[in-house]
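Construct the complete structure from the given sequences, taking the supplied hints into account.
Just so you know, the protein sequences line up as chains G and S, in that order. Letter 39 of the first sequence, counting from 1, is numbered 38 in numbering that gives the first Met the number 0, and no numbers are missing. Letter 96 of the second sequence, counting from 1, is numbered 95 in numbering that gives the first Met the number 0, and no numbers are missing.
All clues given are correct.
Below, a sample of chain G positions facing chain S; criterion: calculated Cβ distance under 8 Å:
#1 G104
#2 I109
#3 F111
#4 E116
#5 P120
#6 L134
Listed next, the in silico EDC-like pairs over lysine to aspartate or glutamate satisfying Cα-Cα at most 20 Å (straight line):
#7 K34/S with D322/S
#8 K236/S with D97/G
#9 K236/S with D59/G
#10 K236/S with E133/G
#11 K11/G with D80/G
#12 K336/G with D322/G
#13 K236/S with D60/G
#14 K236/S with D137/G
Short, incomplete list of chain S residues facing chain G, as computed with Cβ under 8 Å:
#15 Y226
#16 A233
#17 G234
#18 N248
These are computed hints drawn from the structure, not numbers from a lab. Idealized CB from N, CA, C, for every residue including glycine.
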Amino acid sequence: MTDTLLEVTDLKTHFFTERGVVRAVDGISFDVRPGEIVGLVGESGAGKSVATTSIMRLVDDPGQIVSGEIEFAGSTIVGFDEADGELVPREEMLSNADMRRQIRGNEIAIIFQDPMESLNPVYSVGAQVREFIELNRDLSGGEATEEAIEMLRRVGIPEAEDRYDEYPHQFSGGMRQRVLIAMALGCRPRLIIADEPTTALDVTVEGQILELVRDLQAEFDTSFVWVTHDMGVVAELCDRVNVMYLGKIVEQGPIDDIFYNTKHPYTEALLSSIPRPDRTVAELDPIEGTMPSARNPPRGCRFHPRCPDAREACTRIDPEFYDVSDGAGVQYSACIKHADVGYWDSEPFDGQRLEQPP
Amino acid sequence: MAIGESQTELDDGPAGEIGDDGFEADVGWRYTLRKIKGDATARFGLYVIIVVLAVSLVTGIDSNLERLTLGRYEDFVLAEAILSHPEHLPPPGETERRLPPAFAEEGSWAHPLGTDQNGRDYLTRLIYGTQVSVFVGIVATLIGLVGGTIIGAISGYYGGWVDDVLMRAVETLYAIPPLVLVIVFTVFVSGNDPDIIYAVFGVGIAFIPVFARLIRSRVLSVREMDYVEAARAAGVKDRDILRRHVIPNSFAPVLVLATLYIGVTILIVAGLSFLGYGAQPPTADWGEMLRVAHQYMHANPWMSIWPGIAILVTIMGFNLFGDGLQDALDPRIK
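Structural data, given as structure tokens:
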């Protein structure tokens, strides 16, 4: 376990709404090793953001982490013990105050999606970088200011001393995203969770930011969890990828295997729906339908109503995580094609393709 | 690469200076003031406020104030000597009572606005009344503002049962008409010995709900902003998140409301004084002056008119400025 920085095991985060339980994250497991960029990919609503806020223990009401374990560098962020058939939080689990002091910002930092919304409009950019640095590192006010300017320079903001006193509205989207990266890196965390940080940017700026992140990652040796819906970004940046669909991870593995040796129909569908210069819109192969509600997920494999390869068995069998790397334990897929449970013998699934089960 | 892109950006100058993009919302005091300068009615309101504040400050630093407000005759004559032509002054204590203003037939320029029922110079009393009104307006509004901001911000930020308890309490307070609330408060706290300070506190407390509800509604949306989430994710304490991130971003409408409410509190406290629950004689207060004057409505209507005008102009000043501030702070209304 020593070579794992973050380990998430069977994490479930549910939202208890008046209209029923939304299983936003329903049993996901993945790990992050030091110095690694791990992708978390999926459509909107797949539960990627809920997974990341669960790691920070910042899930808002009515959401609740109902089971699973999150271990970070030896401390237990989430852990449950079973007592009398009920799950009770384990004792060594960090208290809320400890989470705030030790983990948030200090060990794990988040970069949010929308650079326009993630900076407080009433304070200067520099003051905000300094606030986070001061809070999470033992630096005096003056040192923190210098460090903040240094971080702004490191993320490629020219004339950092002058721009330190400027306000967020005087920065462009790409510049603000750099500031957010400076804020996260300035705290010297061991892990940075990047929650779709380039989604709101145009493609040229996105490229620059990705390049910057790769450089800084090498320099600071920070691990990343990179949340995105963009397979292109994943290809450019990540070492390993987790593909999420409707609260579950459906495929997990090293980047090359995921791209060149795809083992799950959903990943395949995602890959073939990427716009490419050599294909027109008509030639694109979008995934049919929309993701069903996590309140009432389809029975069996959750992807079967939209899956081109679905067979009758898929509606019955809830797939486990099957090792698809010939026992090497690096690539996993949650598709019963790869297990001996009767997929190949069952009838192709047709009719009520997009209907919700009762 | 990265550096090149940012360089071109810098060449455009800081984006805030462009301002015409439409989507770049300008912020800051300088911008707000510039906008108010371009708005004639708001500018007028600002001038009125400046005059009122200046007058109250001048009387405030006058060491004679305390003696003057006590209302002994010779003191008022001293004030007369400052404000009018000494050579016209009648002997101390001999000032004519209920003199009409100077432009009336029996008026004298020694008392430009006439005198009251005790022979005190009306202009002097009006001027000293400014100080009471400004004090009342600002202090009472501050009480409502601070109390309401704390309650509303906590309520909106934490939600859940905290919100329920605080807001139900606030709504209970809100359901009682402010005048009734203040009168009850004054009578209870002062032990039937009313004074303006009780009225000020009473009105301040009565206005807590207005501010609490307003800021809560803002906080409800601000707390969902990413920068609040980012602060939580960076391990900032709840208290600091409220103080540094939530409240400053929820404050603009509260500031507007406070400006408007300075006028409202002045009016309400004047009303209380009129009813005998506010300033007590011999304090020079506009409401108190009105209370006395209404007994002489037929004999000398001017005694009612002057404090009325003073109240009207002051409140109008704060209202016009408040409206202007609202327009300046709200980019949607052009």
